[in-house]
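**Q** Here the protein sequences line up with chains A and B, keeping their order. Oh and the first sequence: position 194 is 194 in UniProt numbering, straight run, nothing missing. Oh and the second sequence: position 140 is 140 in UniProt numbering, straight run, nothing missing.
No lab work stands behind these hints, which were simulated from the structure alone. Watch out, some of these pointers could steer you wrong.
[Claimed, not checked] In the EDC-like style, the derived pairs of lysine to aspartate or glutamate whose C-alpha atoms are separated by at most 20 Å in a straight line are:
1. 147/B with 42/B
2. 432/B with 166/A
3. 107/B with 9/A
4. 101/B with 166/A
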Amino acid sequence: MAGLELLSDQGYRVDGRRAGELRKIQARMGVFAQADGSAYIEQGNTKALAVVYGPHEIRGSRSRALPDRALVNCQYSSATFSTAERKRRPHGDRKSCELGLQLRQTFEAAILTQLHPRSQIDIYVQVLQADGGTYAACVNAATLAVLDAGIPMRDFVCACSAGFVDGTALTDLSHVEEASGSPQLALALLPASGQIALLEMDARLHEDHLEQVLEAAAQAARGVHTLLDRVVRQHVREASILLGD
Amino acid sequence: MLEKTERVITVNAVYRCPLRVVREHYLRPCVPCNSALCSQPEYCCNVGKLLPAEVTHYMVPDSSVFDYFEILEMPELKGVIWLQTVTDALHSKRGWRYCNKLRSLLKDPSHECVLFANEYHVSCYHCEGSPVLCSRIIYAAALWYYKHCGEKIPIIIVADEDSTKRYKVKSKGVYVMTFKEYLNKFYSDLEAAHNSCDFIDEALYEEKLESLEASGINYNKYLPPDILEAGLKSGLKVLGKMGQGQLDGRHVVGITQKHKRDYIVTFPSKEDILYYSRKTKKYLAVPWDYRIPRIRISRKQAEKYQFCRAIIHIDSWDTDSRYPDGHVVGTLGTGGDLEGEMKSLLMEHDISERPFSEAQMGELPVNTAEKPWSVDHEEQDRKDLRKTHLVFTIDPKGCEDVDDALSVRTLSSGNLELGVHIADVTYFVKPKSHLDKEARARATTYYLPDRRYDMLPSVLSSNLCSLLRGVDRYAMSVIWELDMTTYEIKKVWYGRSIIHSTYQLSYEAAQELLDGNLSITGNIEEFQDMEEKEKEDRLQELTWAIEKLADIASHFRAQRGLDGALDLDGIEISVLLDEEKNILDLVPRQQRRIHRMVAECMILANHWVARKIYESFPRQALLRRHPPPRQNLFSELKQSAKAGGFHIDTSSNRALALSLDNAYDVSDPMVNKLLRNMATLAMSNALYFSTGSCREREFHHYGLGLDKYTHFTSPIRRYADIIVHRLLIAAIAEDKTKTELNLLSDRCLEELCDHINERHRAAKLCQRQATELFQCHFFRDKDADRDERCVADGIIYAFRDTAVQLYIPRYGIKGTANLKTKDGCVLHFGANGEKIGWVPGALWRSHKQADCVTSSGQGVTFRIFEHVTVKISVQAQQYHPNSLRLEILSKKPYLDPEARHTPKSSPSPTRELVEENSKENIPEEYRQFQQTKGESLYTLLEEMKNLAIQDISNNL
């Protein structure tokens, strides 16, 4: 096939990774003082900020309040400068609505919402630079922010994408790999129990290969978990030193 | 997991207009170096092909030497390291087609070259990324490689003249030179490379100097690729394959993919040199294959290779030139001798004669004198047939690759059990191994009269896989249980087994046993030192088995006959050679009952295996089909048969088989043989195919009259059989998931089938041409006028405009003999039927006969199926392969002592009937239509006209 070769005969991807390797992940918690919880994550060149407010009283129409659990409200937005082409991205467009909904479903599965009935939890995510795996970066950032806010969760929610090229599953796709049009799958996992919080794929993939791709994505999500766990521990250690002083 | 993520990120900026995209680029501390000299093998984790340790240097091509790619493709160049920087540049400059070429080069185990992914290595990567500074990256990588290999082996960077200046050599161990210097220094004896290099240099130089000139264009240019693609997408243009099919009123507007090959040419001698143009001073060389146009060669090369057979690579074909341009890449000697001719033949058919490589031989099991290979008794899932079955093989004398064995026995229930056991090659040749790839590329073993090119190394083909006598061997078996009287198949079992062949019989010996001639046992090795009593028992047992087999085989043959199977045999000639490879004699191969018996057992096995694999894998089984022939190809057969008084019905295979059986002339059995041969020639080729790519009703095998057929019984010499073996193993395996991984998808299989079909066709063609070559050599040394071996009996089987088609049964030769020359002379015979000479005259012909009438009024008539005496001589050709020339010496049959003693084939029961019918038919026809038997008035006038034109003044 003409064009870029996504996986070379020697097993290298375009950016020099092997099929099962993640991009470099760097993250920080507690980046904003005003918010209850906040986090910043870099997955390769994809950069995302997440901010959490709550749990607090229902804002706006009271009728939205749920009697038995908290309402999770998620909003996604991306910066004008986040992609190679500069473009205004207004709130409420189709794509950000969809991503917001997906985030909401993911976190309703993870947060112990029944502990806070009649209240609301707001999660705002902004993507600063999009280079593939936006959904995964948003989920990972939001997890850290929720943890930072001290809202009880069942487990970390770790997300990762995976694709399928030439019979091999590639994990943590970059923008180039996403743009090639090969099938792509996004997975959000609760690593301790191995439960799936969200699984999304809208391309065609033969069912024989699904398991392979799913396994690769889950493996990658577990890898993300170890990294996030380390970030959280580091953050707690720093915070306790500060408090101790 | 953790380790991998903590790698340094550097940002690789790629400039594209007008966007600026930032991409990540990950570097790692260890990238496989793929060298046998690696100083840290545990760190590098090299797998697959390695660079050899025993070369004097490693070569790193620079991105400026793509023009010499053709030379870099030569397997003689060893120890080539392709850097990723270079391959990326190749991709961006030359496109993916070149990249694919390189990729297949890297995969080919016989090419000692590897790819080193330097861009992903921490210490070889420079952040610059600009193509101008490419040389620094290459130099850094070469330097790293030199140090990595323990500073043991020098690295040479090869670049063109401009690029060499860019390199700044800082350290010893890494050198830079131009391509020409490199070749002179290390491969001074590799002539082909030097020639190509010279030519490319010349072309590059010319390209630099010449600006494009408009000149008188004769040919239409091919459409550029983008327009072609658009045309194909819109459906205005059709994609087709040249070489086999007809164009049917279409014409070629462009080429999407070329099958590049080299051609054999001969340079004319100085006297009859053919200038092409005085301006360019190019000479014309004549290709060996007469269908290829002459090729223009530069003067320098043409003078160097005078009188030589040379291999030529075609470079281009200008639209304003009548001939293509080419250059010499190698020579094959002066031509004319047998060895040179054979080499040309192999080259023409792209048959590789190179030995197996180290990597391939490394995969073979150990089998030395100290440590002989033996079967593994622990092998669980094999049926052990060593004690229970009497297994024997029947093959031609001196055969080494025995791949089929037979067994038959009576079961306790009284039923018969027939077994066909085939060498288990897939046990040794694992899918995707180097050996497998090589076998796939060769696709078949090539049998030539004096040599053989094996598909598998001889350790396998003539030893470990070969079902030799007296040793345990692995086999794939198909075992049927047959009803004792009706031979109806009750049960069939497929599976892997261990067998122990007791007798290795030759066809001749087995035939003698079948005929009840037991005295032959003296010649059978197995019986030689055996007690008389035991010998008798054993002999009885063996004879019973062979007789039973023959009986079963004839039953199945009869059954196939009802379904329309044809008895076709092409004329095959065996060349008898003495130890020094001198040709002793040419003998047509004989089909005896025992041959048919073995063949029938194999057909049965093939058929049942085809049924099994199709049932298990309806979308991806490899089968063999034989499409029905085109009716218009039968016209000659019908005409000849009609002229001989027979009727041939070609409406279906069954009708054809019946009418061929009926077309039997009691006085001359050759007539039937000839008709059968003509029917064989009309047949289309049988083809391998994948069941997913064809409709089920097209699976039919026309010649054998079977609905499904495949090739299963010769895995040692055919690659298709190996695939079928794998399919069968997958079909009978209990744990399907494991074995099915080895199977090919429908598309891959179809591609493979195309390849195998192409190779089989090449093998067949090559074998035929080689036989023709040996025929010519046999007759070349003989004095055609004196040697009585050059005179033989011939049968006329068809008429051409000025010639007759003859068949010579003694040597199995078919050819044409002239009756009338170009200047209007016809053959003239004396009263006793002897030829006197050529005299002016006229020739008149019909399908039934040809009349030569001389101007003085004497005539002679040749009738169809008439026997004549023929002289065989060799017509020497300077540029093309030699051919045989036939000449009619006498109208009387030549009484060849051997021809009189031809073994009578078994009489057909319907023959007497036919005889009567044919006697009746002819006169009746004439009576009914009141036709005169001779010529009509029209033909008589035609004859007169012919005579009138002829200038006979000299004769008067």
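**Q** Check the structure against each numbered hint from earlier and tell me which ones fail, lowest number first.
**A** Per hint list: zero violations.
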